[in-house]
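Protein chains in written order, with this note's numbering: chain A, 4 to 115; chain B, 99 to 209.
Hints in this document: simulated from the structure, not taken from any laboratory.
There could be a bad hint or two in this list.
[Stated by the list, open to error] Examples of chain B residues lying across from chain A (beta carbon under 8 Å, computed):
(1) Gln-132
(2) Ser-144
(3) Gly-191
(4) Asn-194
(5) Leu-197
(6) Phe-199
(7) Gly-202
[What the hints assert, rightly or not] With a straight-line cut-off of 27 Å between C-alpha atoms, the simulated DSSO-like cross-links for lysine-lysine are:
(8) B:Lys-140 to A:Lys-17
(9) A:Lys-12 to A:Lys-60
(10) A:Lys-60 to B:Lys-201
Computed from a prediction, not measured in an experiment: that's the story for all the values here.
For each residue, glycine too, the CB sits at the ideal point set by N, CA and C.
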Amino acid sequence: NAGVTQTPKFQVLKTGQSMTLQCAQDMNHNSMYWYRQDPGMGLRLIYYSASEGTTDKGEVPNGYNVSRLNKREFSLRLESAAPSQTSVYFCASSGLASGELFFGEGSRLTVL
Amino acid sequence: KQEVTQIPAALSVPEGENLVLNCSFTDSAIYNLQWFRQDPGKGLTSLLLIQSSQREQTSGRLNASLDKSSGRSTLYIAASQPGDSATYLCGSGGSNYKLTFGKGTLLTVNP
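Chain B with its partners taken away, still in its complex shape (with noise of 0.2 Å):
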């Protein structure tokens, strides 16, 4: 059964501060690995997503990677603003996408 760990489960930074979040699953079998971001009392809005053969996706300030043979995959935030405080998930995709999460970072960027 695949497992996905985050860390940390939070982390507070002051604006401009480039950030790393961790994220580890057990299985190294798996087909993609999503990215989320989600602020209170709402859904899921997808950021990232990176395939099995990819090694890492950008878009715009965030850049993700994946190492499938340690477990690992990494969200890097350049020049953090307060409007990235979120929550951000990961989840790794397994047979017919179907994808296990990991608990999450709680993100705090303060002004």
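Chain A with its partners taken away, still in its complex shape (with noise of 0.2 Å):
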């Protein structure tokens, strides 16, 4: 019963690198998100898609791209990792009948 999975669960990264956050879910969830959880600022949504073929900005997008490769599959990339993008990752999914959102553990990253 896997749910929503994220890889990896933690990544250290240098200023200036790139690197591409993996999310999958199994539910056949239509809608899928990221959001960014940094202390005292609380969950901010990055981007989400709300059916397979779209993505759309959320609070904060800049500094971010989003793919949805297919109905499972969501991913984060970071092309140019700054130190303010240090922040746990979340990658959620919902479904059309009730909108619960269900979320993956979390992927830690930290910019030198």
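Mind docking these for me? Both chains are given alone in their own frames, and the hints should help you get the complex.
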């Protein structure tokens, strides 16, 4: 019963490096989301995908790109990492029926 | 822009006490409201989801209410236990079920 799976769980980058966070869900959900969680700031939406083939910006999209590869997978890419992107990143998904969001365990990223 | 506030930021209670966590939101045009639990270093676990047409939802010792007109939701925890210690987050659901979150209430239940 996997639910929402994120990889990697931990990553350390140097400023200017790039990386992709992967997310996959096995609940046949239409919508997927990327959030970041920072102390004192709470959870903020980076990008979301309401359905396969569509993506839209959230509250804090600058410095990020996303790809909805298929219905199951939604990736988040940092093209040139900055220390301000040090955070915990959460992927979530929801179905059309209830809109209930289910979250992954998070990816902890440190940019030096 | 929706803003969500959770009060108190932290709460410490003795085991067995009944308690209420509060969540307020500025835009009453919400699709749903969801309560989560987050343990240190972990992801968010969904506790209760209230649709905009509903007034409350119950699961075991947990009861969540929603009053859209006043922009408030409460999470009631009955007979609290040390295992209930965690951060509790509420999220208000907008279009495409995007959630706007409060900063959470850190609950400590003392044995």
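Hint check:
1. At its closest, the beta carbon of Gln-132 (chain B) sits 6 Å from a beta carbon of chain A; the interface hint therefore holds under the 8 Å criterion.
2. Given hint, Ser-144 (chain B) at the interface with chain A, holds; its Cβ is 6 Å from that chain's nearest Cβ, closer than 8 Å.
3. A least Cβ separation of about 6 Å between Gly-191 (chain B) and chain A falls short of the 8 Å threshold, and the interface hint therefore holds.
4. For Asn-194 (chain B), the interface hint holds, the least distance from its beta-carbon to any beta-carbon of chain A being 5 Å, beneath 8 Å.
5. A least Cβ separation of about 6 Å between Leu-197 (chain B) and chain A falls short of the 8 Å threshold, and the interface hint therefore holds.
6. Residue-level restraint check for Phe-199 (chain B) holds (minimum Cβ-Cβ distance to chain A is 4 Å; threshold 8 Å).
7. A hinted interface residue such as Gly-202 (chain B) counts as satisfied when its beta carbon comes closer than 8 Å to some beta carbon of chain A; here the least separation is about 7 Å, so the hint holds.
8. Of the pairs offered as hints, the one joining Lys-140 (chain B) and Lys-17 (chain A) holds, with about 25 Å between alpha carbons and a cut-off of 27 Å not exceeded.
9. Our distance criterion of 27 Å between C-alpha atoms is met by Lys-12 (chain A) and Lys-60 (chain A), whose separation comes to about 24 Å.
10. Distance restraint check for Lys-60 (chain A) and Lys-201 (chain B): the Cα-Cα separation of roughly 21 Å lies within the 27 Å cut-off, and the hinted pair is therefore satisfied.
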